Amino acid sequence: MTDTAMASDLLEEEEKKSLLSREFGFWVYLMTDAIIFALLFATYVVLSKNSAAGPTSKDVFDLRHTAGETALLLISSLTFGMATIAMARGLSGRVIMWLVVTALLGVGFLAMEMMEFHGMIAKGAGPDVSGFLSAFFTLVGTHGLHVTFGTLGILVMIVQIPLKGLTPPVRSRLLRLGLFWHFLDIVWIGIFSVVYLPGVM
Amino acid sequence: MNHSAERSVSTYLTGFVLAIILTAIPFGIVWGGLLTGTAVYGVIAVAAILQVLVHLVFFLHLDLKSTPAENLFFLGFAAVLIVIMVGGSLWIMFDLHHRMM
Numbered sequence: 000m001t002d003t004a005m006a007s008d009l010l011e012e013e014e015k016k017s018l019l020s021r022e023f024g025f026w027v028y029l030m031t032d033a034i035i036f037a038l039l040f041a042t043y044v045v046l047s048k049n050s051a052a053g054p055t056s057k058d059v060f061d062l063r064h065t066a067g068e069t070a071l072l073l074i075s076s077l078t079f080g081m082a083t084i085a086m087a088r089g090l091s092g093r094v095i096m097w098l099v100v101t102a103l104l105g106v107g108f109l110a111m112e113m114m115e116f117h118g119m120i121a122k123g124a125g126p127d128v129s130g131f132l133s134a135f136f137t138l139v140g141t142h143g144l145h146v147t148f149g150t151l152g153i154l155v156m157i158v159q160i161p162l163k164g165l166t167p168p169v170r171s172r173l174l175r176l177g178l179f180w181h182f183l184d185i186v187w188i189g190i191f192s193v194v195y196l197p198g199v200m
Numbered sequence: 000m001n002h003s004a005e006r007s008v009s010t011y012l013t014g015f016v017l018a019i020i021l022t023a024i025p026f027g028i029v030w031g032g033l034l035t036g037t038a039v040y041g042v043i044a045v046a047a048i049l050q051v052l053v054h055l056v057f058f059l060h061l062d063l064k065s066t067p068a069e070n071l072f073f074l075g076f077a078a079v080l081i082v083i084m085v086g087g088s089l090w091i092m093f094d095l096h097h098r099m100m
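Chains as they are written, first to last, in numbering that gives the first Met the number 0: chain B, 0 to 200; chain U, 0 to 100.
The set of hints was computed from the structure by calculation and includes no laboratory data. What you are looking at is a predicted structure, and each value in this text was computed from that prediction instead of being measured. Using N, Cα and C, we set each Cβ at its ideal position, and we do this for glycine too. Errors might be hidden in some of the hints.
To be verified - Below, simulated DSSO-like cross-link-like pairs (lysine-lysine); rule was C-alpha separation at most 27 Å, straight line:
#, chain 1, residue 1, chain 2, residue 2
1, B, Lys-57, B, Lys-122
2, U, Lys-64, B, Lys-57
3, U, Lys-64, B, Lys-16
4, B, Lys-48, B, Lys-122
5, B, Lys-16, B, Lys-163
6, B, Lys-163, B, Lys-15
Unchecked claim - Label-pair ranges, simulated between beta-carbon atoms:
#, chain 1, residue 1, chain 2, residue 2, range
7, U, Gly-27, B, Thr-55, 33 to 41 Å
8, U, Phe-93, B, Ala-110, 19 to 27 Å
9, B, Lys-48, U, Leu-34, 15 to 23 Å
10, U, Pro-67, B, Thr-3, 27 to 35 Å
11, U, Gly-27, B, Ser-7, 51 to 59 Å
12, B, Glu-11, U, Asp-62, 22 to 30 Å
13, B, Ser-91, U, Trp-30, 39 to 47 Å
14, B, Ala-121, U, Ile-19, 31 to 39 Å
15, B, Thr-141, U, Val-45, 20 to 28 Å
16, U, Trp-30, B, His-117, 41 to 49 Å
17, U, Val-45, B, Thr-31, 32 to 40 Å
18, U, Lys-64, B, Arg-88, 35 to 43 Å
19, B, Gly-123, U, Asp-62, 18 to 26 Å
Unchecked claim - Computed from the model, here is a short list of chain B residues facing chain U with C-beta under 7 Å:
#, residue
20, Ile-34
21, Ile-35
22, Ala-37
23, Thr-55
24, Ala-66
25, Gly-67
26, Pro-167
27, Val-169
28, Ser-171
29, Leu-196
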């Protein structure tokens with residue numbers, strides 16, 4: 000083996016190590032994010048009955064709307080999974096196609112959430128009305144903000160893949176973005192189980 | 000996470016179908032008013048916990064063999080912190096609420 004070949008092998012090894020440690024770092028970040036959400040859930044549970052003579056959860060929640068949002072996020076988790084599989088097979092065109100579908104589903108989710116928030120504020124159920132509504136907008140809004148950044152991340156990857164190809168750093172980024180996206184779907188399970196379902200009962 | 004694990008279409012589809020079932024059960028029960036009282040909360044909680052596990056295994060590909068030990072360690076650490084902080088906060092706040100009544 001020549002010196003240059005050995006050097007490039009070493010470089011590849013170093014790159015792999017650095018990407019693996021980034022994946023671990025991202026995992027640690029996700030766990031801290033899980034703690035933030037858990038505490039926002041606790042805040043919501045404590046405040047959820049404090050409607051201060053304003054609208055209660057029964058007045059403002061629509062379970063059909065929530066079911067629609069749930070469906071969009073769950074399907075988007077599946078389509079991101081399909082993008083990951085296409086990446087493992089080295090099919091960059093397929094990866095981009097599935098990422099576009101995922102981004103559209105993410106935008107659809109955000110549009111539904113915006114409609115819900117806008118409708119609530121228009122009906123006089125804004126975040127300033129009661130402890131219940133403050134906690135609701137903080138929790139669900141924080142999740143929505145995460146989905147917004149996730150969607151932006153997907154759009155960045157849609158541009159980056161054709162420019163750079165499926166190189167190891169690009170693959171690692173897509174893997175980390177996938178972790179983020181699936182994580183947001185897990186948080187949403189908590190939101191419909193803690194906020195919406197008990198809210199309409 | 001783990002590059003070498005075979006991420007097959009069927010894994011994701013299995014997770015997807017299980018997730019739909021575990022979403023449909025609590026929605027159906029609340030929608031149809033099939034149960035009342037604490038039983039509903041029980042079903043919602045069990046379905047939610049099972050669905051989180053389904054997502055972790057089928058979408059995030061967590062398992063005890065191929066996932067690096069430190070990742071599982073941090074997951075466990077976060078779970079312990081969440082139980083202490085959320086459980087403790089709820090305990091204190093509901094106890095306070097009870098005493099103020």
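Each hint tested on the structure:
1. With a CA separation close to 14 Å, the supplied pair Lys-57 of chain B and Lys-122 of chain B stays within the 27 Å bound.
2. At roughly 45 Å between alpha-carbon atoms, Lys-64 of chain U and Lys-57 of chain B are farther apart than 27 Å, so this suggested pair is violated.
3. Between the alpha carbons of Lys-64 of chain U and Lys-16 of chain B the distance comes to roughly 20 Å, so the proposed pair stays at or under 27 Å and holds.
4. Only pairs whose Cα atoms come within 27 Å are accepted, and Lys-48 of chain B paired with Lys-122 of chain B is accepted, the gap being roughly 19 Å.
5. At most 27 Å may separate the alpha-carbon atoms for a hinted pair to count; Lys-16 of chain B and Lys-163 of chain B meet this at roughly 20 Å.
6. Restraint check: the Cα-Cα separation between Lys-163 of chain B and Lys-15 of chain B comes to about 17 Å, which is no more than 27 Å; the hinted pair holds.
7. Taking the beta carbon of each, Gly-27 of chain U and Thr-55 of chain B are about 23 Å apart, not inside 33 to 41 Å as hinted.
8. Remark: the range hint 19 to 27 Å for Phe-93 of chain U to Ala-110 of chain B is contradicted by a beta-carbon distance near 37 Å.
9. Against the hinted window of 15 to 23 Å, the Cβ-Cβ separation of Lys-48 of chain B and Leu-34 of chain U comes to about 21 Å, which satisfies the hint.
10. At about 32 Å, the beta-carbon gap between Pro-67 of chain U and Thr-3 of chain B stays in the expected band of 27 to 35 Å.
11. Checked against the hint of 51 to 59 Å, the pair Gly-27 of chain U and Ser-7 of chain B passes, with Cβ atoms roughly 58 Å apart.
12. For the hinted restraint 22 to 30 Å between Glu-11 of chain B and Asp-62 of chain U, the CB-CB distance of approximately 27 Å keeps it satisfied.
13. One distance hint, 39 to 47 Å for the beta-carbon pair Ser-91 of chain B and Trp-30 of chain U, holds here, with the actual separation near 42 Å.
14. Between Ala-121 of chain B and Ile-19 of chain U the CB atoms are about 32 Å apart, so this pair conforms to the stated range of 31 to 39 Å.
15. Checked against the given bound of 20 to 28 Å, the beta carbons of Thr-141 of chain B and Val-45 of chain U, roughly 26 Å apart, stay inside it.
16. Look at Trp-30 of chain U against His-117 of chain B: about 25 Å separates their beta carbons, and that is not inside 41 to 49 Å.
17. A hinted range of 32 to 40 Å for the beta carbons of Val-45 of chain U and Thr-31 of chain B is inconsistent with their spacing of about 27 Å.
18. Against the hinted window of 35 to 43 Å, the Cβ-Cβ separation of Lys-64 of chain U and Arg-88 of chain B comes to about 23 Å, which falls outside the hint.
19. In this structure the supplied range 18 to 26 Å is violated for Gly-123 of chain B paired with Asp-62 of chain U, their Cβ-Cβ distance being about 49 Å.
20. A distance limit of 7 Å between C-beta atoms decides the matter here; for Ile-34 of chain B the minimum to chain U is near 6 Å, and the interface restraint holds.
21. Interface hint status for Ile-35 of chain B: violated, as the beta-carbon distance to the closest one in chain U is roughly 10 Å, over 7 Å.
22. Here the hint on Ala-37 of chain B is kept, as its CB sits about 4 Å from the closest CB of chain U, short of 7 Å.
23. Interface hint at Thr-55 of chain B: violated, since its Cβ lies 16 Å from the closest Cβ of chain U, which is beyond the 7 Å cut-off.
24. A distance limit of 7 Å between C-beta atoms decides the matter here; for Ala-66 of chain B the minimum to chain U is near 6 Å, and the interface restraint holds.
25. Hint status for Gly-67 of chain B: violated, given a least beta-carbon distance of 11 Å to chain U, over 7 Å.
26. With 7 Å as the threshold, the beta carbon of Pro-167 of chain B stays out of range of chain U, its nearest partner Cβ sitting at about 10 Å, so the hint is violated.
27. Among the interface hints, the one on Val-169 of chain B is violated; its C-beta lies about 13 Å from the nearest C-beta in chain U, farther than the 7 Å criterion.
28. Interface hint status for Ser-171 of chain B: violated, as the beta-carbon distance to the closest one in chain U is roughly 9 Å, over 7 Å.
29. Below 7 Å, beta-carbon pairs count as interface contacts, and Leu-196 of chain B has one with chain U at about 5 Å; its hint therefore holds.
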